[in-house]
Amino acid sequence: MWKFIVTGLIFCVFALLSLWGIIEYKPRGITAQYKDGVLVLLYHDIVPDQSADRQNRGTITTSRFREHLRALSDSHYQVISMNTFTEFILLGKEIPPNSIVITFDDGYESFYTQAYPLLQDFKMTATNFIIGQSSDFYQPKAIPHLSWNQMREMKRAGMEFYSHTYRLHNQVPVDRQLNCEPALTHAMYLETLGRLETEEEYAARIRSDLSLMERRFTEELGNRAKLLAFPYGAYTDQVKEIAEGIGFQLFFTIKEGLNRQGNNEIYRVNAGEPEMTAHDLLARLEALRY
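Residues in the sequence shown are numbered consecutively from 1, following UniProt numbering.
Since the hints were derived computationally from the structure, they do not count as laboratory data. Any given hint could turn out to be false.
As the list claims (entries may be wrong) - Only pairs whose alpha carbons sit at most 16 Å apart, straight line, appear in this in silico EDC-like list of lysine to aspartate or glutamate: (1) K226 - D209; (2) K255 - E265; (3) K226 - E241; (4) K141 - E109; (5) K123 - E67.
Said to hold, decoys possible - So the derived label-pair ranges between C-beta atoms look like this: (6) L193 - R70: 49 to 59 Å; (7) G92 - R57: 46 to 56 Å; (8) G158 - D49: 17 to 27 Å; (9) T236 - R176: 14 to 24 Å.
None of these values were measured; they are calculated from a predicted model. Backbone N, C-alpha and C define an ideal beta-carbon position, used for all residues, glycine too.
Using the sequences and the accompanying hints, generate a full structural model.
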């Protein structure tokens with residue numbers, strides 16, 4: 001008898017504390033909801049577990065990626081497509097609560113061999129921002145990149161592919177000492193002429209590269225939307241102005257935050273660090289969702 005009375009009293013105390021806001025009850029495994037915003041994850045390369053020694057700062061193992069996807073699913077995050085995300089940002093279309101977008105940069109072939117099968121297992125989609133030159137030309141000494149045939153196959157299954165520039169994911173000399181800076185954001189030092197590019201030459205180089213990448217997307221994948229992930233996360237107002245003049249709509253950065261409707265500079269959470277456990281990822285998302 002006393003056992004039931006004590007249990008009832010404990011229940012009443014917790015109920016009152018919850019009503020007064022002293023204790024917030026959250027069911028285990030369910031993350032508190034956010035609405036009208038989207039968190040975007042950023043990955044780069046994935047290696048099989050047996051090749052973990054090949055990891056660098058932008059590489060995680062297949063097991064770790066699987067853990068991330070399972071944690072997102074178990075915590076009731078809703079992975080939405082890039083198309084749905086674009087319509088939310090630009091048009092204010094409705095999205096589900098706890099919306100997440102998964103992105104990869106650089107177009108590594110591991111997206112096809114390692115990430116894609118797991119994404120299918122969890123019935124999730126992802127977007128890869130590719131470097132056009134790396135898919136157009138085989139480079140035997142480089143990390144393998146996606147082929148257009150692989151991209152076409154994955155696009156039919158809901159994956160999406162957009163620009164990481166055609167050949168501007170590198171650094172160029174910017175002075176006589178040949179110090180280097182990102183090719184997208186800096187005028188290049190022309191060693192044979194002993195001078196920097198003029199403003200007109202620089203703008204023409206950027207415009208030509210971005211236009212070429214979009215032409216290749218149209219030819220190979222029939223893309224219409226124009227989205228750009230900045231190499232190294234580096235950009236300037238001038239770069240955005242040139243890209244917007246070509247028709248680019250969204251710009252993906254490496255700054256962290258929750259994305260709201262109307263802002264075309266997209267925040268992303270770096271989830272591809274090798275030490276980022278599933279628990280760490282959920283904690284990072286929890287901190288950013290307001």
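Hint check results:
The straight-line distance between the Cα atoms of K226 and D209 is roughly 14 Å, inside the 16 Å bound, and the hint therefore holds. Between the alpha carbons of K255 and E265 the distance comes to roughly 9 Å, so the proposed pair stays at or under 16 Å and holds. With a C-alpha separation of about 14 Å, the suggested pair K226 and E241 falls inside the 16 Å cut-off, and the hint holds. Under the criterion of a C-alpha separation no larger than 16 Å, the hint pairing K141 with E109 is consistent with the structure, at around 14 Å.
With a C-alpha separation of about 15 Å, the suggested pairing of K123 with E67 holds against the 16 Å cut-off. Checking the proposed 49 to 59 Å range against L193 and R70 shows it holds: the Cβ atoms sit about 56 Å from each other. Between G92 and R57 the C-beta distance comes to about 37 Å, which lies outside the given range of 46 to 56 Å. Here the CB-CB span from G158 to D49 is close to 26 Å, well matched to the stated 17 to 27 Å.
In this structure the hint that T236 and R176 lie 14 to 24 Å apart at CB holds, the actual value being about 23 Å.
The earlier numbered hint that this structure contradicts is number 7, and it is the only one.
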